[in-house]
Amino acid sequence: MKYAKTYHTLAKFGRELLEKKSLEEGLPLISKYAKDVIGAHRCSIFIYDLVAGEFWSTLADGVERITISADKGLVGFTLQEKKPIITNDPYSHPHFLATIDKETGFKTKSVVTAPIFSSKREILGVLQLLNKEGGFDNEDVKFMIFFAHYISGFLELTNVYLSKNREVKSTK
Amino acid sequence: MDKFNQIADFGKELASLETSENALLLIGEEAKRLVGADRCSLFIVDKEDAMLWTKLSDGMGRIVIGSDSGIVGDTYLKQKPQIVNKPYEDERFLPHIDKKSGYTTKNILTVPIFNSKHEVMGIIQLLNKSRSDFHSNDLETIAFLANYVSGSLELVLMLEQ
Chain A
1 MKYAKTYHTL AKFGRELLEK KSLEEGLPLI SKYAKDVIGA HRCSIFIYDL
51 VAGEFWSTLA DGVERITISA DKGLVGFTLQ EKKPIITNDP YSHPHFLATI
101 DKETGFKTKS VVTAPIFSSK REILGVLQLL NKEGGFDNED VKFMIFFAHY
151 ISGFLELTNV YLSKNREVKS TK
Chain L
1 MDKFNQIADF GKELASLETS ENALLLIGEE AKRLVGADRC SLFIVDKEDA
51 MLWTKLSDGM GRIVIGSDSG IVGDTYLKQK PQIVNKPYED ERFLPHIDKK
101 SGYTTKNILT VPIFNSKHEV MGIIQLLNKS RSDFHSNDLE TIAFLANYVS
151 GSLELVLMLE Q
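Taken in sequence, the protein lines are chains A and L. Quick note: the first sequence uses my numbering, first residue 1, plus one each step. Quick note: the second sequence uses my numbering, first residue 1, plus one each step.
Next comes chain A alone, as it looks inside the complex (with noise of 0.2 Å):
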């Protein structure tokens, strides 16, 4: 098992983590530690917005923000299925946007995304990585899955109950 010596250390980064008082403090510090345990180039944390309809994430600085639609892309259909996505050929997959490669200029050539869940196992957001040399295997894809429920107290915790957005969310 490849990832063994990984969750050894996993509390170390989660003791990290915990010493963050913010979402935005916190996602910069996930992303950094999930691209480089799990060897990818890009890591994305998409959280989802219900009520807007839309996921937002930060740009590598953690505080400017970019949205994306609920509905569409690889994202969109882990949000559908629930369940993590991987994909070694994205161009093939019939949900891949490669609209969004045009207009960047990155060029995506391996996927793999897993649904992060509330305390009322609903989906709280979606943790992307791209581009891994020699592609995503299922190995990563199970240590994923095993990451995306270790933050998600955290994620839970500072954006929906400590977000200073509470008071306006709550009234409507």
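Since the hints were made in silico from the structure, they are not lab data. Beta carbons: idealized from backbone N, C-alpha and C, even for Gly. Worth double-checking, as some hints may not be accurate.
Unchecked claim - To be clear about the criterion: a stretch of chain L counts as covered by chain A if any three or more of its residues have a C-beta under 8 Å from a C-beta of chain A, and this derived list gives those stretches:
1) 109-117
2) 124-135
3) 142-148
Unchecked claim - Facing chain A, from chain L, some residues (calculated, C-beta under 7 Å):
4) 4
5) 151
6) 155
We have chain A; now place chain L onto it with these hints.
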């Protein structure tokens, strides 16, 4: 202090602990404090032997029960939290544990803890909320706590195997 800020502080403390025994003790104390309960036990699922055993037992010694017995067993089977405010009128309740320990159970809240595969790996049980019955908002708070600690718990259990 707002209970979610309290949980964030608890998370930091939890993350700084090195052993699973200390971590479980802290989880139990936090659960009791959040809802004002007298006792907290944490049952771990042993799927192979169809047993539930206490990893943390608050003043009770180690308890092992069949995975289909008692209100904890029913929580495991139904995979849903249970509130029982009149245990002696509930046919699932196991009064012989009270008899043995000399403790009188007045009300019970149980919440399943799920692992990353959506299987129940443990159950948090709280006993005897002071001054009132358990309420649905206690359930929501403990369900959140259960999910909050579940990643650390899954990791600890996996590494101990």
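Within 8 Å of chain A (C-beta), three or more residues of the stretch 142-148 of chain L:
Check passed, 5 qualifying residues.
Hint check: is the beta carbon of residue 151(L) less than 7 Å from a beta carbon of chain A?
holds (4 Å)
For the stretch 124-135 of chain L, count the residues whose Cβ lies under 8 Å from any Cβ of chain A; is that count three or more?
violated (count 0)
Under 8 Å between beta-carbons, do enough residues of the stretch 109-117 of chain L, three at least, approach chain A for the coverage claim to hold?
Answer holds; 4 residues pass the 8 Å Cβ test.
Interface hint outcome for residue 155(L) [beta carbon to chain A under 7 Å]
Since the shortest Cβ distance to chain A is 6 Å, the answer is holds.
Is the interface hint for residue 4(L) satisfied, with its Cβ closer than 7 Å to some Cβ of chain A?
Holds, about 4 Å.
Against the hints set out earlier in the document, a violation occurs for number 2 only.
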